[in-house]
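Going down the list, the protein sequences come from chains A and B. Per the numbering used here, the first sequence starts with residue 12, numbered consecutively. Per the numbering used here, the second sequence starts with residue 0, numbered consecutively.
It is worth saying that the hints were derived from the structure and are not from the lab. Accuracy of the hints is not assured; some may be wrong.
Derived DSSO-like pairs (lysine-lysine); straight-line CA-CA distance at most 30 Å [as the list claims (entries may be wrong)]: (1) B:Lys-188 with A:Lys-128; (2) B:Lys-195 with A:Lys-186; (3) A:Lys-23 with B:Lys-192; (4) A:Lys-23 with A:Lys-115; (5) B:Lys-192 with A:Lys-69; (6) A:Lys-114 with B:Lys-192; (7) B:Lys-195 with A:Lys-128.
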Amino acid sequence: MSSEQTNIKEPKYINPYLGGVLLGLLVLATVFITGRGLGASGAVKSAVVTTSNTIAPKATEANAYMCQFLSDGHSPMNTWLVFESLGLLLGGILSGIVFGRMKKFRIDKGPQISNKKRLILALIGGALFGLGSQFGRGCTSGAALSGTATFALGGVIVMFSIFGTGYLVAYFFRKFWI
Amino acid sequence: MGPLIPNGVIGGGWDFVIAILLGVAFGFILEASGFSSSRNLAGVFYGYNFVVLRVFFTALIVAMVGLLYFDYVGWISLSQIFILPTFLGPMIVGGVIMGVGFVLGGFCPGTSFTGIAIGKLDAVFFAIGLYVGIFGFSLAFPLFENFFTSGNLGNVTLTDLTGIPAPVFAVIFTVVALAAFWGTMFIEKRVRKNMKQYKF
Chain A
12 MSSEQTNIKE PKYINPYLGG VLLGLLVLAT VFITGRGLGA SGAVKSAVVT TSNTIAPKAT
72 EANAYMCQFL SDGHSPMNTW LVFESLGLLL GGILSGIVFG RMKKFRIDKG PQISNKKRLI
132 LALIGGALFG LGSQFGRGCT SGAALSGTAT FALGGVIVMF SIFGTGYLVA YFFRKFWI
Chain B
0 MGPLIPNGVI GGGWDFVIAI LLGVAFGFIL EASGFSSSRN LAGVFYGYNF VVLRVFFTAL
60 IVAMVGLLYF DYVGWISLSQ IFILPTFLGP MIVGGVIMGV GFVLGGFCPG TSFTGIAIGK
120 LDAVFFAIGL YVGIFGFSLA FPLFENFFTS GNLGNVTLTD LTGIPAPVFA VIFTVVALAA
180 FWGTMFIEKR VRKNMKQYKF
């Protein structure tokens with residue numbers, strides 16, 4: 012490829028500061044209505060506990076971590092965050108339709124790596140994020156954003172360690188993105 | 000008055016309906032801001048796209064100032080809202096692992112759901128990874144149970160820790176955010192000029 016730039020035109024995104032104000036108001040509304048913030052990783056945890064409980068109920072009950080999320084009355088999927096995450100998916104679809112971004116399956120990646128490598132990296136990245144979110148008591152939504160917005164020390168710690176580490180290690184993974 | 004559901008102003012039966020509605024708004028805002036593309040998200044670490052910083056920090060200061068305002072006029076009592084508990088060591092380690100996962104995977108959990116929504120295969124793989132990671136954590140839990148519960152400082156806020164009132168922190172975060180918005184504008188322009196290819 013020549014040195015000619017091939018920057019494809021930016022899709023129609025809303026102004027990031029408008030997006031930020033809306034997201035901030037949403038966090039505020041969520042705390043005002045429910046007394047706690049938004050989340051995302053919690054729904055995947057519920058899915059994990061549900062699968063485990065379906066396949067091997069005894070082992071799940073014996074697992075010191077998963078047993079905390081079991082209750083006699085209802086399925087582990089019957090939690091606030093599962094419904095919120097279902098909404099999250101619907102909201103994404105809605106915005107995709109409104110802005111014309113609902114298309115067939117495709118992959119975003121840097122110019123220097125193959126599709127296969129990108130998917131493997133996404134899988135590894137996801138696994139690390141899932142693991143880390145359990146130690147962090149939440150991910151970017153629940154801990155870093157909602158936690159920090161409510162002035163929780165833990166939220167600030169998670170936020171700085173996610174983004175700080177990101178910047179520290181970005182150099183080593185630059186071939187994947189630029 | 001607030002929080003509305005815990006105080007019984009809105010009945011508990013509405014809990015899940017409200018969860019879905021708030022989730023829809025969450026997903027819409029993330030997708031509309033461009034968070035459904037790992038390429039946009041990873042840009043924050045390489046200087047070619049600071050949309051993450053702009054949206055995240057704006058949201059943070061709006062929510063912080065809003066909460067203080069709601070508390071001031073008496074619509075919500077800050078003492079009644081959920082404060083994320085602090086587990087010092089585990090949260091630092093968790094954040095570090097998530098940071099590496101972010102750069103490798105190009106998503107965080109919430110943004111990967113919006114990526115899936117509009118057909119991004121890398122987002123699907125990231126979400127499968129999330130599931131595998133959390134499953135792995137649960138199965139291996141006995142190995143690090145002691146570490147997991149260590150460093151428990153309870154539900155502390157920045158004010159509890161330092162004695163500095165919350166509005167001061169809101170001001171500090173706002174000033175830092177505005178400075179970052181201004182500075183990154185120049186970085187982004189420069190980096191993008193030197194980029195060979197940026198496909199959204």
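Distance restraint between Lys-195 of chain B and Lys-128 of chain A, which requires alpha-carbon spacing of 30 Å or less: holds, 20 Å
Does Lys-192 of chain B sit within 30 Å of Lys-114 of chain A, going by the straight-line distance between their CA atoms? holds, 29 Å
Satisfaction of hint between Lys-192 of chain B and Lys-23 of chain A, Cα-Cα up to 30 Å: holds, 20 Å
Pair hint Lys-195 of chain B and Lys-186 of chain A, alpha-carbon separation not exceeding 30 Å: Distance ~13 Å between Lys-195 of chain B and Lys-186 of chain A Cα, so the pair holds.
For Lys-192 of chain B and Lys-69 of chain A, compute the direct alpha-carbon distance and say whether it is at most 30 Å. violated, 58 Å
Sort out whether Lys-128 of chain A lies within 30 Å of Lys-188 of chain B, counting only the CA atoms. holds, 29 Å
Lys-23 of chain A and Lys-115 of chain A were given as a pair; does the straight-line alpha-carbon distance stay at or below 30 Å? holds, 18 Å
Violated hint for the displayed structure: number 5, the only one.
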